[in-house]
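In order, the protein sequence lines correspond to chains D and R.
Using my numbering, read the first sequence as starting at 2 and increasing by one per residue.
Using my numbering, read the second sequence as starting at 172 and increasing by one per residue.
Derived by calculation from the structure, the hints in this document are not laboratory data.
Honestly, I wouldn't trust all of these hints.
What the hints assert, rightly or not - Here are the simulated DSSO-like cross-link-like pairs (lysine-lysine), alpha carbons at most 27 angstroms apart as the crow flies:
(1) Lys470/D x Lys355/R
(2) Lys470/D x Lys290/R
(3) Lys252/R x Lys389/D
(4) Lys290/R x Lys389/D
(5) Lys389/D x Lys512/D
(6) Lys344/D x Lys290/R
(7) Lys470/D x Lys279/R
(8) Lys306/R x Lys389/D
(9) Lys290/R x Lys355/R
Treat the numbers as computed from the prediction; the structure is a model and nothing was measured.
Here are the chains, one letter per residue:
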Amino acid sequence: MLSKTLGGGLFRTQNLVLGLAVSCLAILVVLPVGSLLLSSFWGESGFTLEYFREAFSSRLYLMPLVNSLVLGAWTGLFSILIGLPLAWAVARTNMPGKKLVTVTAALSYLAPPFLTSIAFVNLFSPNAGILNVLFRDVLGLTWLTFNIFSMAGLVLVTVLHTFPFVFLLARSALQSVDASYEESAQILGASKFRTAISITAPLVAPAVLSGTLLAFVNAIALFGSQAIIGLPARIVTLPTRIYSLFDYPPEYGLASALSLIFIIITILALYLQRSYLARRSFITLGGKGSRPQLIDLGVWRWLLLLIGLVIFVIAIIAPFGTLIAVSLSDSWGLDFWKGLTLKHYKFIIFDYDVTQRAIVNSLYLATLAATFAILIGGLVSWIDLRTKLPGRKALDYAALIPLGLPGIVMAVALIRFWLQMPITLYGTLSILLLAYVGRYVPLAVRAGNSALRQVDPSLEESAQILGAKWSQVMRYVTFPLIRPGLFAGWLLVFVPVVQELSASILLFSSKTMTLAVAVYNLYETGYTEPVAALAMINMFIISLAMWLAYRVGGGGIGKI
Amino acid sequence: MASITIKNLSKSYGDASDVPAVKNINISVPDGTFLTLLGPSGCGKTTTLRLIAGYITPDSGEILIGDRRVSEAGSVVPPEKRGMGMVFQNYAIWPHKTVFENVAFGLKIRRNTNDEVVKKVQQALSQVGLAGYDKRYPNELSGGQQQRVALARSLVVEPDILLLDEPLSNLDAKLREKMRTELKDLQKRTGITFVYVTHDQAEALALSDQIVVMQRGEVQQIGTPYEVYERPANRLVADFMGLINVFEGEIKPLGQGKALFTISDHVALEVTAPTGLTSATKGELVVRPENITLVPATSQSNCLVGKIISHTFLGNLMELLIKLPNGQEVRVQSHPMNKFTDGDEVELMIDAASTSVFI
Numbered sequence: 002m003l004s005k006t007l008g009g010g011l012f013r014t015q016n017l018v019l020g021l022a023v024s025c026l027a028i029l030v031v032l033p034v035g036s037l038l039l040s041s042f043w044g045e046s047g048f049t050l051e052y053f054r055e056a057f058s059s060r061l062y063l064m065p066l067v068n069s070l071v072l073g074a075w076t077g078l079f080s081i082l083i084g085l086p087l088a089w090a091v092a093r094t095n096m097p098g099k100k101l102v103t104v105t106a107a108l109s110y111l112a113p114p115f116l117t118s119i120a121f122v123n124l125f126s127p128n129a130g131i132l133n134v135l136f137r138d139v140l141g142l143t144w145l146t147f148n149i150f151s152m153a154g155l156v157l158v159t160v161l162h163t164f165p166f167v168f169l170l171a172r173s174a175l176q177s178v179d180a181s182y183e184e185s186a187q188i189l190g191a192s193k194f195r196t197a198i199s200i201t202a203p204l205v206a207p208a209v210l211s212g213t214l215l216a217f218v219n220a221i222a223l224f225g226s227q228a229i230i231g232l233p234a235r236i237v238t239l240p241t242r243i244y245s246l247f248d249y250p251p252e253y254g255l256a257s258a259l260s261l262i263f264i265i266i267t268i269l270a271l272y273l274q275r276s277y278l279a280r281r282s283f284i285t286l287g288g289k290g291s292r293p294q295l296i297d298l299g300v301w302r303w304l305l306l307l308i309g310l311v312i313f314v315i316a317i318i319a320p321f322g323t324l325i326a327v328s329l330s331d332s333w334g335l336d337f338w339k340g341l342t343l344k345h346y347k348f349i350i351f352d353y354d355v356t357q358r359a360i361v362n363s364l365y366l367a368t369l370a371a372t373f374a375i376l377i378g379g380l381v382s383w384i385d386l387r388t389k390l391p392g393r394k395a396l397d398y399a400a401l402i403p404l405g406l407p408g409i410v411m412a413v414a415l416i417r418f419w420l421q422m423p424i425t426l427y428g429t430l431s432i433l434l435l436a437y438v439g440r441y442v443p444l445a446v447r448a449g450n451s452a453l454r455q456v457d458p459s460l461e462e463s464a465q466i467l468g469a470k471w472s473q474v475m476r477y478v479t480f481p482l483i484r485p486g487l488f489a490g491w492l493l494v495f496v497p498v499v500q501e502l503s504a505s506i507l508l509f510s511s512k513t514m515t516l517a518v519a520v521y522n523l524y525e526t527g528y529t530e531p532v533a534a535l536a537m538i539n540m541f542i543i544s545l546a547m548w549l550a551y552r553v554g555g556g557g558i559g560k561i
Numbered sequence: 172m173a174s175i176t177i178k179n180l181s182k183s184y185g186d187a188s189d190v191p192a193v194k195n196i197n198i199s200v201p202d203g204t205f206l207t208l209l210g211p212s213g214c215g216k217t218t219t220l221r222l223i224a225g226y227i228t229p230d231s232g233e234i235l236i237g238d239r240r241v242s243e244a245g246s247v248v249p250p251e252k253r254g255m256g257m258v259f260q261n262y263a264i265w266p267h268k269t270v271f272e273n274v275a276f277g278l279k280i281r282r283n284t285n286d287e288v289v290k291k292v293q294q295a296l297s298q299v300g301l302a303g304y305d306k307r308y309p310n311e312l313s314g315g316q317q318q319r320v321a322l323a324r325s326l327v328v329e330p331d332i333l334l335l336d337e338p339l340s341n342l343d344a345k346l347r348e349k350m351r352t353e354l355k356d357l358q359k360r361t362g363i364t365f366v367y368v369t370h371d372q373a374e375a376l377a378l379s380d381q382i383v384v385m386q387r388g389e390v391q392q393i394g395t396p397y398e399v400y401e402r403p404a405n406r407l408v409a410d411f412m413g414l415i416n417v418f419e420g421e422i423k424p425l426g427q428g429k430a431l432f433t434i435s436d437h438v439a440l441e442v443t444a445p446t447g448l449t450s451a452t453k454g455e456l457v458v459r460p461e462n463i464t465l466v467p468a469t470s471q472s473n474c475l476v477g478k479i480i481s482h483t484f485l486g487n488l489m490e491l492l493i494k495l496p497n498g499q500e501v502r503v504q505s506h507p508m509n510k511f512t513d514g515d516e517v518e519l520m521i522d523a524a525s526t527s528v529f530i
């Protein structure tokens, strides 16, 4: 009904702006995915199931599928094994060092896995990894050596990135279980153990499962770690197989079909995750009772602290210590500390035009992408929350589609779509920008949504009845009120875009090199030390953005 | 001219099968009236107010301000072109603006000069008793003060019509009483047409020139406070306007606007005949608790007799529950100094003039 109001001609600016947001979303997400769908079923001579037949019959494509699922399953399992005990310890016990554990989880999530992969390769590559060299050649403890180029190595690196999903969701569930639920079981005679099994566990299980599924979805989508660790180990996964299909001659049909299979797995997992999460909010957010009492662990709490410290060392100190050490060493090896130097930094910042360009491009793209994404996100959530426009829910869902698209699949979709268009975008910065905005528009919509939910509609209505036009309401009331939330959302998009690899790897050209692609290419070429220096620049940029986000109120960072 | 005429207005949310939020509403509000839309939550009163404001487009019917049509099926003049004022339940004071900036907003939109803005804002603030608060931010104000800012903000643009959506419901009881008086004063002084929404019937009775009682999306009755309380148009209105006792019985027309309502074999009352009564039929007699007087029962009483089963001391009055021989319980309010106790047999004297009969 309100649509009529909007259409009255009195609301020109509003219609124009909102229409723009809708068409942006269509161009970014709906059309590329549509053309992906089409090209996986459309061969030279019309409709065909040939691509799917081949994908499901050849070992070349079945193995990656299996490997991806195996990787996801192991990662999910270990994410629970690490995340759940830590969550319990932080939420329910008197362990010391809770802050350390929380910070570890947040940093592990934020650390880009392709960088941790490179760091662990420097430590554990079978021949030259310095810890392997140390154990084997210096200490003679061969049994302590570890080959990072294995499924175990891949799972290790991936879990470091994904256990925070389980940790954060389980922690908040454990904290929000009303103490009275457990107390009433105890007053009825249930032991502590019995209470934990029959009351607490069922209440937090949906959150844990939901975190595990998120871990799964994120794990299988990571191109960087699967290329850096998986390929040398001959473990080909869906992203790396799709990537290889773009070697000359590119096999678009097969790539599209594989992408579609990938999407289906992802969406299935996310659908399950949503339904678990829905149940969680249904159960545990019941009362406003008191916090549960913390369990006194006695001396055992020091063991928990030790475990927390070990994880901190493995997840944070080891990879970043290694990257710093490598970046400063003349030549990486056991005696790296003998020749510390800044020359690699000088090389990538001042001497090498490829890395220079990559840094500038990434900063430029991230700034633009974050701005566009947050604009679209803000408008989409405004339409969703403030209007009765028919189809506004569909719009909201459209903005969520990218969550089901692994980065490389997004890239395939964009390539398929834009190759058919009369404008040449392939190989330009624009196609990267489209990929970035599209990939992270869900983050922006969520940021816009939560910012807008804080603003009661009556604040806008009261400006309206005082005579303010839509543009004036937006300018004087809505925007000033949601600005802090939007800025936090802006940073939330900026951070992943700066280090985006999964989609960029298919979309870059020599002119449009980005930071993460430069890291990956340098690594492939064997520039061990400059890679580390470039990785540190990457980390510096992210840290700066995170610090800013923390300063403006920590909005949304580290939350899932 | 700021009279409001609402003709056959209907609005439903969602699909057509839904119960309409408001259904075929007809109200006319003369210029300078304090009109209250009264009803329980979900009765459509807020929808009606928002229709008047132009936030919602009606499905059918029309709204006129003076002679100007502002709403009709499928299209409306948007709120910003209606020149009304509105005070929201949560006040809707912008938290990022000072008191001065809040009040000045409407004037700036209307492109008043700076001098005018300052002068008018100061005037409006002192009118609501907030002179000197102009540099404060809303979070530095109490609920009552925020309420006044909202009022000043609406009044400063000199609207012909002020809409108020349960403006007092977030205040504590004492302050509510005080603001009630101030609102009434303000309305009289300014002569602005007030359309006021509330679910509190005491508030409506105290404030209004006219009350529109709404329920289930429909107008049940329009009248002065006295009319809707003493002469409710139907059971719903009677029920909503205060406590009632309902006696079922038979009603028989006596002619000349009179009728005889028989409660039981030997108890009957002469009452005003309800419209449409032509022959004897079943009906309901509605009596408010304060319109029943109790006297000690005597053995030969041939009226309504019952036994007191509980009494509750409410300070300014005593509430008694009386059980009739047929099992019905009757609520009676009497002076707190009365001398009855539980178990006493009493005779119930019903003031026939203040009853209502519905058939």
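Taking the hints in turn, this is what the structure says about them:
For the given pair, Lys470/D sits about 31 angstroms from Lys355/R by alpha-carbon distance, which is inconsistent with the 27 angstroms threshold. Between Lys470/D and Lys290/R the CA atoms are separated by roughly 24 angstroms; this keeps the pair inside 27 angstroms, and the hint holds. For the hint linking Lys252/R to Lys389/D, the alpha-carbon distance of about 21 angstroms falls within 27 angstroms, and the restraint holds. Distance hint between Lys290/R and Lys389/D is unfulfilled; the C-alpha atoms sit about 40 angstroms from each other, more than 27 angstroms.
Straight-line distance between C-alpha atoms of Lys389/D and Lys512/D comes to about 45 angstroms, which puts the hinted pair past the 27 angstroms bound. Between the alpha carbons of Lys344/D and Lys290/R the distance comes to roughly 68 angstroms, so the proposed pair goes past 27 angstroms and is violated. Our distance criterion of 27 angstroms between C-alpha atoms is met by Lys470/D and Lys279/R, whose separation comes to about 12 angstroms. About 37 angstroms separates the Cα atoms of Lys306/R and Lys389/D, which puts this hinted pair outside 27 angstroms; it is violated.
Taking the CA atoms of Lys290/R and Lys355/R, the gap is near 25 angstroms; set against the 27 angstroms cutoff, the hint holds.
Of the numbered hints listed earlier, those contradicted by the structure are 1, 4, 5, 6, 8.
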